[in-house]
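Given next are the chains, with one letter for each unit.
There are 2 protein chains.
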Amino acid sequence: MKRISDYAVMVEEALRGLELAQMKPESLYAPVAYAMEAGGKRLRPALTLMTAEAFGVDNSVAMPAALALELFHNFTLLHDDVMDNSDVRRNRPTVVKRFGADAAILSGDAMLGLAEAQLLALDDKCYRRVAEVFVRMARDVYAGQALDMEFESRNDVTVEEYVEMIRLKTGALLGACVEIGGLLAGVDAKVASKLREYGENLGISFQIEDDWLDTFGDATTFGKPIGGDINNNKKTFLLISGLTAGGEESKALEVAMQLPAGDTKVRAVTRIYEKMQLDEKVHKEALRYSAKAMKAAKATGLSDAKLEGFKYVVDRLSGRKK
Amino acid sequence: MKRISDYAVMVEEALRGLELAQMKPESLYAPVAYAMEAGGKRLRPALTLMTAEAFGVDNSVAMPAALALELFHNFTLLHDDVMDNSDVRRNRPTVVKRFGADAAILSGDAMLGLAEAQLLALDDKCYRRVAEVFVRMARDVYAGQALDMEFESRNDVTVEEYVEMIRLKTGALLGACVEIGGLLAGVDAKVASKLREYGENLGISFQIEDDWLDTFGDATTFGKPIGGDINNNKKTFLLISGLTAGGEESKALEVAMQLPAGDTKVRAVTRIYEKMQLDEKVHKEALRYSAKAMKAAKATGLSDAKLEGFKYVVDRLSGRKK
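Same order as they appear, the protein sequences are chains S and G.
The working numbering applies: residue 79 is where the first sequence begins, and numbers increase by one.
The working numbering applies: residue 79 is where the second sequence begins, and numbers increase by one.
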């Protein structure tokens, strides 16, 4: 049986087949080619291929939709990098640094256009259902990004609001990747919604675990320095959970967050998180969403053998503690 | 019979019906509402309604597609204003000035999402054909914008390249507005392509005439100070025609364009254009594209009575000399 990484390899090859670097006008598509060459896990399109195959659809038939979702994902990264003025992504200068903000905006738009052009390869039977999911997903992702930006200047964000934000920002796309995989096979509305539920909860679990790893992970396996979120005052699941818990420790956390960025701040905040047992609680919360994801996957009626791939992805993405 | 402005009034009302200002999250949709409230001629969606009606489709049935095209148009303006860092549009601060670049980028994306959500209101019979035209059009518009930006730093742009750029940047959307109007009525591929041809040539004619008016128009009816393009060294149809004509006057034009911005420069360049008889030639060129537009419209087989509306638009947009 194929692993998620096997699907990712196929996606990589199909992306090369698009020959983005040859597209005209060059000033529009060179940044697109640059962004897509940077690699990445190709998790989203791999999920589409895996799901479609689980329901009997050939990888080659599912590939255009898979590519559309990967192009969409990278389009959002391009625009996010302009908004965040990010310097580096995947160990290379971002498109905005390399080509400038104008190119990043316009080439981002063009990537979305390319994504939608890929969807046009689908046959009439599923095109409309897939397009509906795609359009709704895109609007969810923008809403999630807007909420994320709103939260930066708010001090009263609740855990529920945070989860809704990451459901939109991270979960909606993963949900659409899995749902669209099923739609390519013509699954009914109930199965489609269970597939989406799997992907959404996978996304929420992944994001909470990511927040957890940023404070409690291992720098070598996490790939980023530990404590970055604390130093950047990022509203994470940990921080929001800590601030909204109430009591002495919430106040202490508020004070510790006022410290200047540095190891002292990271240590102080981490110690308060530990005192509040947030290290355990938040990790458990991630696992709770993983369990919800698998419950939804099982409700699709797929065989245990086919569910293995879905389980593997959940374990890899949100069981990253061990 | 309805005039194009009657359709525009209907569009305005339907836009109000969307209640954009009530959409959540507010930070995402307030800039969208602001941009759409600014008015404008609503020419594009009016063309869609007019064309659909000419082929027997009710305005109410055609409205979602018309709104999609108007939302798309305004989305491109939002992103263009970020790229140009424009201060004012339709006598108000631009979205980028009022809400910042981040909001303008993300809310622009959301406007495109809203546009595509409108298209989902179409029935199965025409949804796919309309979506195909929409996706191709969007990619054309981005290509046109990219070429326009490329041309800024090039000194060897030919008239042919310029026309292709405005066909993409201005013509493609007008073409899609008219073509989609026809597709809503289920016209065949031949008629659809003639409708697109009408809109594309209308767009080219309009843009050439706009370039002409910027130098030879009347400030009061044109609505902008005369000579702006000359002072901004904008690569217009006039300038490119003059520079690529060859001979003494082309060289004189090159020299005059080096002058510092001001009335002296505008007068000097205008005098050279007149010596080269570009005032007449370029205006004639605009009329030539208007004639192509009408020829295509006639080839759709619409009755003379129905063609009147199409003729009126051409005359109003590109016969603006008188």
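Hints in this document: simulated from the structure, not taken from any laboratory.
Keep in mind that the hints are not guaranteed to be accurate.
If chains are identical, the list can't say which one is meant, so a pair holds when it fits in one copy or spans any two.
[What the hints assert, rightly or not] Listed below are the simulated DSBU-like cross-link pairs for lysine-lysine, each with C-alpha atoms no more than 30 Å apart in a straight line: (1) 373 to 203; (2) 268 to 203; (3) 313 to 119; (4) 175 to 312; (5) 343 to 373; (6) 376 to 80.
Tested hints:
no. : hint       : result
1   : 373 to 203 : within (29 Å within a copy, 38 Å between copies)
2   : 268 to 203 : both (18 Å within a copy, 25 Å between copies)
3   : 313 to 119 : within (25 Å within a copy, 44 Å between copies)
4   : 175 to 312 : both (23 Å within a copy, 27 Å between copies)
5   : 343 to 373 : neither (39 Å within a copy, 73 Å between copies)
6   : 376 to 80  : within (19 Å within a copy, 58 Å between copies)
In summary, the one numbered hint that this structure violates is 5.
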